[in-house]
Amino acid sequence: MTGRPPLGERLLRLALRCHPAPFRREYGREMLQYYRDTVGRESARRGRLWRARFLIASIAAAAGQGLCQRVAARPAVGSTRRAGWLADGRTDLKLAWRRLAAAPRPTVAIGMLALAVGLGVAMFTVVDALMLRPAPFPEADRLFHVFAGDERGGRTTIPTDLYAAWRGSPAFEDLHGVGHGSAIVEDGIEPVMRAGAFVSPGLFEMLGARPLLGRTFVAGEGRPGTRALVVLSERLWRSQYGADRSIVGRRLRLSGVAHEVVGVLPDGFRFPTMRTEFWRPMDFTALQPGAEQALNRPQTYVRLAASLTPAAASQAATATLRATIADGRPQFTHLRPIMAGLMDEYSTAAVTALAAAVGLVFLVLCANAANLLVVRAIARRSDYGLCAALGATRGRLLRQAFAETAIVGLAGTIAGAAAAWALVSTARAWLPDAFLLRSLNPIDLDARALAAGAIAALTATGLASVPAVWLATRPGAVSLLRSVDRGAVPRGGPRMLLRALIVGEVALAAALLVSGALLLRSFLSLAHADRGLEATGVVTASMSLPSHRFPDRASRLAFADGVERVLRATPGLRPVALSYGLPPRGSVRYIGPVTPLSGGREAEAFLSGYFVTPDFFRLYRIPILEGAAFDDRAHEHDVVITATLRDRLWAGQPAIGRTFRLHGDNAAYRVVGVAADLRSPGSATEDQLEWYRPLRVARGGDVEAEMFSTGQVMVGFRCDPACPPLPDLRRRIRGVDPDVVIAHLSPLDGEYLELLAAPRAAAALALVFAMAAAVSAGGGLFSVLATVVGRRRRELGIRAALGARPRELAALVFREAFTVAAMGLTLGVGLAWLLTRFLSSLLVGVTPADPVTWVVVPVVIGGIVLAAAVWPARMASSADPVAILRE
Amino acid sequence: MSAPRPRADPDDLLPLTPLVFAVLVALVEGDLHGYGIARRIADRDAGAVTLAPGNLYAAVDRLIAAGLVAPAPAARRGGEPRRRFYRITPFGREVAAREAARLRDLLRTARRLAILPRRQP
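Protein chains in written order, with the working numbering: chain A, 1 to 887; chain B, 888 to 1008.
No lab work stands behind these hints: they were computed from the structure.
All residues carry an ideal CB built from backbone N, CA and C; glycine is no exception.
Certain hints may be false.
Stated by the list, open to error - With the Cβ distance kept under 10 Å, some of the chain B side facing chain A (calculated, not the full set):
(1) H920
(2) A925
(3) R927
(4) T937
(5) A939
(6) P940
(7) L943
(8) R969
The whole structure should be built from the sequences, with the hints applied where relevant.
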């Protein structure tokens, strides 16, 4: 799909780095060529599984041979002689392995490291695809989306005469057009509506796309009178045609027109949006009159001429633009880089915040693994002391201790890679429409993620192992030989270290919990916000009509009437209203000046248009504040506006009978009613103002449906008292005409919840991370308390013998636990207060000082601390003086 | 990667590892590049697994260092990418012959002990 070598080769290239540099210089290129030859000639015969196995074997061989070459003298052709110190190293590893295999096994520490590495890699993969990596095309820095307008901006599409002029401009090395063109894919497993695009042949070459099967388009295709062709995406090919390899050359119907499949593009190629599933060729310079509007004004993408900077290219293009279009207004060319991640402000902030949260969780998990390793090291100090007494040097002890943690780290890394894979797959499956997938880059574990994983694993192992290694092998360990053997409490350094780790964990967990709780409160307040209409009980549906079956306005109107009739005849559905545009998204959007014609003042607005039938306002229970809703005899320029638009234009004066005009539209719209605003806080549609126009208009005594020029029919209805099963309704609608494609049929409440997918996902992920941190901190506290109690058994036994009651012994443990927790919580509150400053842009309807959050979080932390302390406390209170003194 | 060592007694190098022996035998018929060596080994031994590049080139490197194989003069063949060819040295030929003889003796022993059926006359 791009000019880069395939993933397998890139991975192998990375693995070849295991070989020493001289060997690599000598054989590196040959080895890659060998790999290419082998894969190129064998994989067709042996299949994908073989290719994967060969890749793994090649990587393993490079790593193994490279390691041998680095650590050992080169073995002779026949013998197996090895350097002496390597044998030492092997002994270290063998000893370390034996120690680890003995009880207690460091499974939990490995699990913590695995989770840390897995979370780190998964989050990196997502952030990388969305924010760091450029669009996945060769030389992406020279690819731009180009359009014309005034100095502030303009439409992102351009007329075809300018398109033709720009094709000859020296500013651009290459220029291609894209027109969006959804269609009903009819003869797959079931008819489905899918997003597609018309593209000029050559676009794929400009973007470096390589087909998985067949070919892409060649010059001359897409002209009027040539064959209708289509290239499918891998996704569509798999989902609708069962990955049939004989698809190339087959003819299939797109919205009633037969198209010949010429190729399949791999899943990694996403353009112009991540949802585009098929492409048809179009020569935009040879359009026939009467072509669809989307094709008359293609979106235009260019590769800049190599010698020009974007500013110089823009200047050259502006000259061409002014020579082509002279309508008296100032004209400017705008170049916008092709961005990989298409994110709104909220998602950008949320992904950044979540990445930071993952960083904190990573630290908590590392601290926890460190904690567990320190606890092991304390138990092990007598072994190390013994070794030192027998003459082991400090260096040797350090090496052994590091070998032990290195094995733990390696095991954690392997498990972490599996965890990362599982997390990325889950993210892909679970968040299809939320912010995690809005990227032209596929979200996949690749070489960059592996590199990130290696760094994460090294950091995690390093952070976790340094305290333990230091503690186990520091010179004082020898003198501690006797005291430790008697089971004394670790004092001084080790105890401080353990406490510091736990305090840090509790603090981070508290801060994360506060952030998670605030995001949850924000989501709940969004979900229950006043929307200006009553969504509960309303079901909406939108339908697409295949153009071969419904060729004109009359047939579409007849279908719409049929649907309305069928739904009205269904018991319990009342009222039923057809519309073009459904809440919360509306349909036709307008951004620009609104100019009142009768007094008032001009205002810039973002309008979301609805074409509605008279029952619309009654159905959604949108209050009419002034005037009235439409009746059946409405004029085509009668409109209902929202209160906010009225206030902006006429400062709260009565608006009925007044008129206004939109930029680029000569109609004078007459206000007949003012409705309450619709609101969807927290979503991208937040700033939109609604305006309503009649769907059916009276023209010369006839009723005509204005908005049936498209193949979209939308309807809403309220269920009273309860909705019939949705499949049942689906069947009824299909009964009107079996060729209709029902794009969606769902409760309006669900649609609103869908709008909040990003805040919901942010809150859910933040809470999951926070709970992971909190539980991990609790686990750390538990292991420390259990160790301390275990080591203090003698002391506790003596106390019991001297008359301490069990409750007093348990209190000792609880006091220790809550002292540490209180310190952590104090620190955590400060940290959380700092963190919430950065969260404020994500919070709606709740302030960082939210009292509920600040009460609940300490209670949750207290509960976790209590749970962690219960078992060690019981152990302490059951100390039996006789048994212990007898030991 | 490194200069050939001074000649040793061929018997010092025996027994050869199976991979090293296979590479030597493959080169007896003529100069080959890496992929050619692998193909020839696979053609001769139908059950052979596909060699990983690391293993093959590590063996080649060891053979060059031991003076059994030498880089052949480069030859660019029409349109193909430039590749490095390898050639067996006379010393390599001798070592391969000794290894073959050793295996032959081993085979004879195996026949005598009836591990393998005797050859039909």
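Hints and how they fare:
1. H920: holds, 7 Å
2. A925: Result: holds, 7 Å to nearest chain A Cβ.
3. R927: violated, 13 Å
4. T937: Since chain A brings a Cβ to about 6 Å from B:T937, closer than 10 Å, the hint holds.
5. A939: holds, 3 Å
6. P940: holds, 4 Å
7. L943: holds, 7 Å
8. R969: Holds. Min distance 9 Å.
The structure shown violates just one earlier hint, number 3.
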